[in-house]
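Listed below are the residues making up each chain.
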Amino acid sequence: MTEVANTDRYASERRIDISSEKDAVLVRRCWQGDSAAMEELILKYQSRIYNVILKICADPDDAAELTQETFVKVIENIDGFEGRSGFYTWMFRIAVNLTLNYCQRNARLRFSSLDASEAKAQYSSQADRVLKEFLSDDSSPDPAVMAQNKELYEIAVESLMKLDDAQRAVVVLRDIEGMNYARIAKVLDIELGTVRSRLSRARSKLRQILEAILQ
Amino acid sequence: MKEIPNMDELLNSFIDGELPARQQTEVQRLVDHEEKIAQRLQQLRKCKMLLSSLPVTEAPPQILENVKASLAGKPLLDESAFRRTERAGTRHLLGRKVFAAAAMLGLVRILTAVVYTIVAPETVTQSRGQKTEDRGQKTDSDFRLLTSDFRLPAAPFSGRLELRTSYLPAVVAFINRAIEDNVPSATKHRGQRTEGRGQKTDSDFRLPTSDFRLICSSESFNLLLAELGNIWDKLDSATLFVDTQVFGQRVVVDAVTAEQISGIVNQDDSKRRMEVAKDFAVLNNIAEHLPGREILTAIDDTTVGLITPPKPVLTWNQKTEKKSPARTKENKNIHLTITVVGGDRPSLN
Numbered sequence: 001m002t003e004v005a006n007t008d009r010y011a012s013e014r015r016i017d018i019s020s021e022k023d024a025v026l027v028r029r030c031w032q033g034d035s036a037a038m039e040e041l042i043l044k045y046q047s048r049i050y051n052v053i054l055k056i057c058a059d060p061d062d063a064a065e066l067t068q069e070t071f072v073k074v075i076e077n078i079d080g081f082e083g084r085s086g087f088y089t090w091m092f093r094i095a096v097n098l099t100l101n102y103c104q105r106n107a108r109l110r111f112s113s114l115d116a117s118e119a120k121a122q123y124s125s126q127a128d129r130v131l132k133e134f135l136s137d138d139s140s141p142d143p144a145v146m147a148q149n150k151e152l153y154e155i156a157v158e159s160l161m162k163l164d165d166a167q168r169a170v171v172v173l174r175d176i177e178g179m180n181y182a183r184i185a186k187v188l189d190i191e192l193g194t195v196r197s198r199l200s201r202a203r204s205k206l207r208q209i210l211e212a213i214l215q
Numbered sequence: 001m002k003e004i005p006n007m008d009e010l011l012n013s014f015i016d017g018e019l020p021a022r023q024q025t026e027v028q029r030l031v032d033h034e035e036k037i038a039q040r041l042q043q044l045r046k047c048k049m050l051l052s053s054l055p056v057t058e059a060p061p062q063i064l065e066n067v068k069a070s071l072a073g074k075p076l077l078d079e080s081a082f083r084r085t086e087r088a089g090t091r092h093l094l095g096r097k098v099f100a101a102a103a104m105l106g107l108v109r110i111l112t113a114v115v116y117t118i119v120a121p122e123t124v125t126q127s128r129g130q131k132t133e134d135r136g137q138k139t140d141s142d143f144r145l146l147t148s149d150f151r152l153p154a155a156p157f158s159g160r161l162e163l164r165t166s167y168l169p170a171v172v173a174f175i176n177r178a179i180e181d182n183v184p185s186a187t188k189h190r191g192q193r194t195e196g197r198g199q200k201t202d203s204d205f206r207l208p209t210s211d212f213r214l215i216c217s218s219e220s221f222n223l224l225l226a227e228l229g230n231i232w233d234k235l236d237s238a239t240l241f242v243d244t245q246v247f248g249q250r251v252v253v254d255a256v257t258a259e260q261i262s263g264i265v266n267q268d269d270s271k272r273r274m275e276v277a278k279d280f281a282v283l284n285n286i287a288e289h290l291p292g293r294e295i296l297t298a299i300d301d302t303t304v305g306l307i308t309p310p311k312p313v314l315t316w317n318q319k320t321e322k323k324s325p326a327r328t329k330e331n332k333n334i335h336l337t338i339t340v341v342g343g344d345r346p347s348l349n
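So the protein sequences, as listed, match chains C and Z.
Take 1 as the starting number for the first sequence in the working numbering and just add one per residue.
Take 1 as the starting number for the second sequence in the working numbering and just add one per residue.
Just chain C, same shape as in the assembly:
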């Protein structure tokens, strides 16, 4: 179990490191006025940026608009990018900040109720059954199989939306984008300990939400 986690972690970070080197080349080309390099950066990251934003804000149209706004800001400010953090980190910081600001402006994304009956009323008996099987299964199911489970997907997304913005951002960056704690701290500009505690509270709350659905 530990080996699997560590392997995932190292693979993810190695991927980012390699990507950072390529990004540095692309950024230098951008500084020299190479618009093709900028297009390459957009095409490379647009889905990842969009996916993170979508998981935080939950609205596809708004996510597309925020993604677009992110890249516009990146291009406008790439002249001032000093390379103290990686381009990847810098770009995600812009994206998450834009998205969190957007969430603060939109009260409709706020879910304050964790009432069990309200939570349960949203899902069908089929969804309950799928979730119960998932949680009771001691084995580690194949993520690809899980991803094709529509009921489980809806429950996961809705549960995620019940977290507050800060917790949701940490969980998304860790469990969906696969960042390590240090990079999350840089993206959100918070302490490493804050990342740790915020992630712990988010997962505990998520667990409570799921248990409430099953009750």
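Note that these hints are calculated values from the structure, not bench results.
In this text the structure is predicted, and so the values were computed from the model without any measurement.
Just so you know, even glycine gets a beta-carbon here, dropped at the ideal spot from N, CA and C.
It is possible that some hints are incorrect.
[As the list claims (entries may be wrong)] With a straight-line cut-off of 20 Å between C-alpha atoms, the simulated SDA-like cross-links for lysine to any residue are: (1) Z:K68 - C:L26; (2) C:K73 - C:T89; (3) Z:K278 - Z:V252; (4) Z:K36 - Z:Q24; (5) C:K44 - Z:N66; (6) Z:K271 - Z:P156; (7) C:K73 - Z:E65; (8) Z:K68 - C:R48; (9) Z:K48 - C:Q208; (10) C:K73 - C:L26.
[Unchecked claim] Pairwise CB distance ranges, derived in the manner of DEER restraints: (11) Z:H33 - C:E133: 20 to 30 Å; (12) C:D34 - Z:P61: 18 to 28 Å; (13) C:A24 - Z:A113: 50 to 60 Å.
Please arrange chain Z on chain C, whose structure you already have, making use of the hints.
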């Protein structure tokens, strides 16, 4: 299930592989021995798996085009980047030009200094002289020198005029009034004494004397002199002592006339002034000792003489022109003491 906050943080870090190797081992041992902790770990792992299994949603294909469209109205990246590169290039080029210019100036300066030290002094002097003589044209420096020569004020005159008269009170009063009228701004000092002082001869003792010390301009002095010419026939003698540049040496012009005084004083050059004064002294001395003095005087009156200095205009009974403030600022280069030595004679009127 009761939450164990610290344990949850530890377990989450364990799941995410964020613990150091030693802690990772310890947690693993704890999970192996504690069923509750193992269950909790499983729950947290399920939560992580649930979110991790969420499919990656592809970005809408129009994002790139939209980004380009959004940037269409703004300065493009490549343009700003080119501008930055261009600015940097321009600065670099400008810096190199400035450096080259500074180096060139330094080199020229060094070469100029070397050439000037070795060759230039004679060459420059010769060329300047040739220019002035051959072409009759002046260089700027020459022009400045000539201009300053032309504008040099007349050499200051310093001397004493000794007038002997039998009509002392009248003459003194006349001189005093003439000074008041013509040289109001002049520095003057009048003193009276009954005995001679300083360089007086023995015969001067017991004679009353009046001194007028003037410091005035030559123009004012000419006006005064013209007026004094009207009483010249009331004088027994007139002697002008012209100070020289050598202390204690004087040129003494006996039997000096008002015209001669004007001719001496109005010389701009002190050297020329001395020559004129000596000429008059010799001339007057010869005339004094030659027979037919009256004839010579008559001839002199008709302006037939060897020397014809500018004559002052006599303005008897004419209103004296008042000086403007500007004129009072003229160069006061006449330093003259008029000494009037009298005898016991009736009044002028």
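Against the structure shown, which of the earlier numbered hints fail to hold, in ascending order?
none
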